[in-house]
Structures are given as structure tokens and as C-alpha cells.
Amino acid sequence: MTLINLLNLEYLKFRKNVIINLLFLFFVIFFPSTLFTSTQIKEVPDFLPGNFVFFEFPTVWDYMGYAGNWLVFFFLGVLAIYLVTTEVANKTMRQNIICGLTREKFFLSKYAVIVVLAIFATLYYTIITVAAGVYNAGSFSYDQAFSNDMAIPRFFLMSFSYLNFALFIAFLFRKSGLAVFFYLTYVLVIELILRWVVHYKIHESGLINYYPMNATEDLMPFPLFYFAEAIPNQTLPFSFLLSYGEAAMIASIYAVIFLIITYRLFMHRDI
Amino acid sequence: MTVLSIHNLSKSYGKIKAVENLNLEVEKGQVMGILGPNGSGKTTTLGLILGILRPHSGSYTWFENTLGRNPRKKIGSILETPNFYPYLDADDNLEIVRRIKSSEKQSFDELLDLVKLTDRRKSKFSTYSLGMKQRLAIAATLIGDPEVLIFDEPTNGLDPEGISEVRRTLLDISKMGKTVIMASHILAEVEKICSHVAILKQGRLLATGPVGSILSNDITVEVASNDMVKLEQYLRSLPTLTALSTKDNHFECTVEEDTDVAELNRNALRNGITLTHLVSRKRRLEEEFLEITKNQ
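First to last, the sequence lines map onto chains A and B.
Read in the numbering used here, the first sequence has 261 at position 254, and its numbers run on one by one without any break.
Read in the numbering used here, the second sequence has 469 at position 204, and its numbers run on one by one without any break.
Isolated chain B (complex conformation):
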């Protein structure tokens, strides 16, 4: 089932095109990461599909229009910051969300336990730390057993402990089989959590697909030697080399997937180059992202 279908969606603020002719589909069960640098249109896209921003053109449909005029009751979402009534406690704030979602009356014990807020459930929201606010927002998104969860920069502004807690909670949620749409500019986060990605830049969609298909099969090899000049000459002579860059004290080169790294080492030695550093790894999403956004 297609959970979300976006057709030629556009939104401008004056002369600035925040989102331009965006087309995107999210299938049931996918964990879709919307990637892009700041100002690429991620939050605007989420605002549009959640009905708080009005598009200038284009359209979107939720759940293939099977849930009537108000499908948002089956969507749990945090957009930008956690937004609650500051003078109310966790229970009251969650109760407001429950009533809006017309969900069954429930105790919030389990939810507050999941986000580790049971001890502070009777404190006013205004007294919470940013991490606690974010965790309460995550709890709120789970009310009413939503089909889809939307998170916008869920770890923004959190300390390392908070980031780790929120990521763990998000991983738990994704394992529940829910469809998740997550906007982020933190690539490592998306790589760890998401099954699919959509890369945006200046409001335009540059690439989309499963994380594995976005990541090329090339290998990144880090090498260093006592004779860096000779090493560079050797690396540039490799027929499978696709990119070479200089890092602090080593070269980072991208080679085709069938390159035998052990053979590369042996050949270097035959050419009189002793490698002092050799690391071979798969390309990271960050490298692909930079490559894709650099060329557009």
C-alpha cells in the first residue's frame, strides 16, 4: 500500500522556492529518511503534507485516500520542536492529544515508561529539559496506534545522552513495523535508522530509493606511506580508481567494487612503497550525499 504519494508539490516564500515540483512515494513499512542540508525544504515538505502549510501547486494523498478527509489522526508527528501546553503536565498534554485523535481512553503508563518520563509525569511541561520535551513528543506521536510516524530532526539540540536515547527509541519504533518518515541532516542517524532515503537540495528531489541503492558499491580505501609522493603516483595509475582526495595524513581513494585490496598492497610493495596505513570500507551515506549534492 502507498502510504504517502506526493505529486508535483511546490511552495514558495516570495522569490524563494522552498519546495519545487516534488514527487515522492512512501510505501507501507518503509523507514524513509528525508535528507538535505539546512534550508533544503525538508521541514517545508513535512509542513505541507501535514496540512499546516498551503502548497502553491501540486497535491498529496495519504493512504490512497482510504481514510477520508482527515487521515492525520492516523499519523503521529513532531515538526521542528515539541509543542505542548507549558503549564500542563505530561498526562494532561497527552490527554489533549488523545482527545484530538479520538482514540480510546487509556492510561499513559506504558508510553511514559517507554520514553522514561514516568517519574516526571506530574511536572509541568515548562520545567522539562529539551531531551525530556523531545521524549514526551515521541510518546505523543504513539497515541492512537498511528500507521505513520513523522519526525523532523528528532535529535536536534540534544546532548549525547539524549541523542542516544532518542535514537534507541526511534529504532524500537521502526522495529514495530510502522511506516516512519524522518527528516534529518545528520547522515549517520539516517544511515542507522532508515531503509529508504530521499535527498533534497534547494527544494528539489535529487535522488530517492533504498539506502543500499543510493550507496554505490564502490569501496573507499584509506592509504598512507612514508613516501606520499610516490604513493600518489602509484594510486593514480590504478585502473579501478574513480576518485582520490588528500586527508590529514593519508589519501582517501574510491575504487571499483571488484578491486582486490590485498593485491593493491602487494603491488605497492613491488613498486617499492611500504604502506603504513591501509583501511578498506564500504562507502558511507555521507560520502554519497556529498557527491550527489555537489554535482547538482
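Chain A extracted, bound-state conformation:
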């Protein structure tokens, strides 16, 4: 079975799945709607010149990237988990294998889907961001529009990293509720506790930034953090954010590690 056949098979499996369709639809609707929300913010912090930073090049890439950071993490991440756990719950994963799909092909089909989702999310981000920037500027200039500090590949890597982690959690826990709970809790709570309560207490260093989901978040960070970085006399003896290069490297290394662990787990376990 070729990769295209595997993707077609996944499409046939899930095109009528209500939860998958809803999660995808929410992502598609909420992403551009963050622009409308931004127009409603009339009072911005003192260090921002005005709310036009949300729409003008190049800062629109950062603000839309940050909005995408949350939306990919939540909607597409949960969707990626559901792609696996629903097959476990319906026992269709074992039936697929019994019918003749090899474990390698089953695994590959799920990864092909998350790569396609990450590509889609990145293209969608690019289109929305360029459209918002051009609308705000009133004209299109390629140099102006795409002087964005590698935002497009960063967004892709961020998306893939979240979805890859989601698949790892899904293959590990196999039950929808448990997997979604752990995924959300790990990203929102557990890693923060590990970094700022456990690691920071043991060893105060920039290594606390080298955690998988923190590196992923730092690929498209909250733009106002850069203003915080610029404020002198901070108490931290290290940078609060990873550089884009560092974040990309660390996120990539973790992505490979998670992928290898997930593959080995799936290949050796009973289904």
C-alpha cells in the first residue's frame, strides 16, 4: 500500500466521524476568528503602539502564530489522539491488522495523517496571516509580507511536534479519556511543575527551558514575552525563552525520540 492509499484509507475511515469533523471545523473557524477578536482589543499595554500590531507585517506572523499555537495544541492535538484511541475503542485497530494491514503500515498511516494536518495548519496559517497583513497594509509586497523570521517552517515544526506528542500519548494510553486528560494536563500543568517547581528548585539554570512542550511552545511564543525579555533587572539568571534555533533543534530531537518510542511500543505490544 502506498502512502497515498494509506491516506485515502484514513479518509474513508474518518470522513463521517462526527468528533473528528467537529474538531477540524472548530480549528478552521476559530483560527481566522482570532483576528476579529483582536480588532475588539482597544486598550493595549503601554509598551505596544496600538492594536494594529496584531494585523501589520511582520508582527502579524507572531500574533497569528501564537493563536495557532493554542489551536493546534488543543483541536488538532485532541483530533490526533482520537484518530488512534477510537480505533482501539472500536477494536478496528486489531481488525485492520487481522485483515492484513501490517503494524508498520498502520503506524505509518497515522503519521501520514498528522504530517498532512501539520502541512494543512501551516498553509492555513500562511494564508490567513498574509491575507490579514495585506488587508491591513492595503497592498502586497513579497519582501514585506514574508520577512517573518522563518515563521512558516517554525509553525510547521510546532504543529508536527504537538501532533507527534499527541500520537505518542494516544499509543501509550490507548483510552480516549485518559489520553486526552494526560495530554492536556501534561502541556498545561505537569511540565510547568516539573520545570518551575522540581527542576528549578534542584538546579537553577536555562536547562529548565529544554523540556519538550516548552521547546515546542517557544517556536511560536506569546509575543509579549519578548517585551518582558527586554525589561532590565530581571531576577532570572538565564533567558526566559529559547532562541528559535534552539527551540527548533530541541523540538526536533524530542519529536524523533517520541516517534521512536511510539513505534517500538506499537510494534512490540499486544493489540
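Hint data in this document are derived by calculation from the structure and do not stem from the laboratory.
Here a beta-carbon is modelled for each residue, glycine too, at the ideal position from N, C-alpha and C.
Be a bit skeptical, because a hint or two may be false.
[Said to hold, decoys possible] Per label pair, the in silico range of CB-to-CB distance: (1) B/Pro425 with A/Lys182: 34 to 42 Å; (2) A/Leu266 with B/His321: 21 to 29 Å; (3) B/Thr383 with A/Pro39: 40 to 48 Å; (4) B/Arg433 with A/Leu266: 46 to 54 Å.
[What the hints assert, rightly or not] Below, simulated BS3-like cross-link-like pairs (lysine-lysine); rule was C-alpha separation at most 25 Å, straight line: (5) A/Lys98 with B/Lys387; (6) B/Lys381 with B/Lys457; (7) B/Lys547 with B/Lys457; (8) A/Lys23 with B/Lys389; (9) B/Lys466 with B/Lys282; (10) B/Lys389 with A/Lys98; (11) B/Lys370 with A/Lys23; (12) A/Lys112 with B/Lys338; (13) B/Lys339 with B/Lys440; (14) B/Lys387 with A/Lys23; (15) B/Lys443 with B/Lys381; (16) B/Lys381 with B/Lys440; (17) B/Lys339 with B/Lys443; (18) B/Lys293 with B/Lys457; (19) B/Lys387 with B/Lys370; (20) B/Lys512 with B/Lys547; (21) B/Lys466 with B/Lys280; (22) B/Lys512 with A/Lys98; (23) B/Lys381 with B/Lys339; (24) B/Lys339 with A/Lys112; (25) A/Lys98 with A/Lys182; (26) B/Lys370 with A/Lys112; (27) B/Lys440 with B/Lys293; (28) A/Lys182 with A/Lys112; (29) A/Lys23 with A/Lys98; (30) B/Lys338 with A/Lys98; (31) B/Lys457 with B/Lys440; (32) B/Lys293 with B/Lys338; (33) B/Lys389 with A/Lys182.
Starting from the known structure of chain A, arrange chain B on it as the hints suggest.
Chain B alone, transformed into the frame defined by chain A:
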């Protein structure tokens, strides 16, 4: 041709040995029944040979390794329950199976007709009764013209009508000359459908061979009389008697195959015993099964 060859296959769950050093061969065209009480390792054995469970030791080969790394495309199987996408209809679910098996594009009219689901082909799988789900699963096993069909307790949970329909379909399939492997604890089912049996208990193979060879040639005779005490004395004196048990209102005795039952009746009369009930029949698989599993 040996379709399936299992060598010293073992699988444990903690301290429980689900399958222990299992050796079994299935030849082309056989209808092999895997018999055993609940928990005897039937489903685990099927899970192992279908690649969804990992053995702790031992190995198995399909089709003498002539079909490469993925012979499962030539095997149609239902393991435990019928597993389909609940929000898809019969056609979509069968299409998924067809694509996985890389089989030629086909209309499923004939298959759905065979399992009597044509009228409900556009209904979601989740709306099917258990019998309909089981029949759809049987249809799915036939996609791609498989060499081997594997059924695990195919009539489990069905009502009498469903059981009868599924059995009829299985008999039709076995007549097509396909190799069939069927796990069941319903002995009458295996006796009706299978040409060969393998009897498992606590993960171990107790006996295997053609159904006829598993069944001994002894005869079971049911007898009753107005004087049951005298009848028992008479039966126990028979030189060809191998077993005697008391049922509700008669004795059930096993006698050697050359016993003349008419002579048995005449001798009883000569001994002053008038038989009120006399039935002679071949041993049933159930009796052999109980005998084999009792002694292990």
C-alpha cells in the same frame, strides 16, 4: 499443502499460561475446529496466529512461507466480536476491508446477498442487531477470495434464528473448499461443521485429528427397566461394558463397538428384566470431549 504450522507456541499473562507449547498443523481444505472450555486458550491461539498478540516463545508459519511477509491478506477472520466503524454503513465498512486486502474493486451485492444484509446495506453499523453484525463480519471475511477463514465463537450471543443462519452460512463456506479454522466451545456446532478437531485445555493441546478419529468406535446405549437395581446388576456383568452412568430415569452405558444390542435386549429378558427404554447410538463429540478433558 500445510496452510498453518504452529511450533511450540507459548503465551503467558503474568503467571497464567494462556497457551503452552502448542504444536498444530492445518492442511489445505480442512475444516479445523478448535475445541475447549472457556479460558482454554482458543482465542489467544487465534490472536497469536493473526499477529495481534506477541508470543513469548515459539513460532508459526502460514502457507509454508510462500506468501511473503503478510499472508493475512489471504486470510478472512473474525476474532471475538465483529469489529467495524460504527458510524459507517455496510458498504463503507466492506470497502475499508477491501482496500486493506488490496483486492480488486468490487460491488458487494453478492456478498451482502449471501449474508442477507442487502436491505440494510445503507444503515450505520451501530444500528445493526448482533446477528446482523456477525453476518456482516462473515461477509467481510470473504473479501479478496481468502484461502483460509478463521471464526472465533461465530454463534456467540446470537438468538436461535441467528445461530441457524450463521451455521448455514458456515456450512456453505466449508463446501466451497476453503480451509476453515473455527474456535468454539459448542460441540454440536463443531461436530456438524468440522472435519478435524484440536482439543485444548488450559492452553495445552490434548488431542487432535479428524473428527472420526477423535470419536471412539464405542456405542452408547440408553436403557431403562421397571427394576433398575436388577438392570444395573445385569449391565455390570456385561463383558463389553466400558462405562456406566445413571441419568434421570435411565442408565447410559458405553459398550464396545461389536456389542449386539438386540442380543443385549434378549439376554435381559432371559434374566427376567423387561426393558422399557432402549436407545443405541454412536458416541457424540461432547462425550469424547468430556472424557478427554476430564482425564487431563
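* Hints that the structure is at odds with (numbers, increasing) -> Hint 22 is the one this structure does not satisfy, whereas the remaining hints hold.
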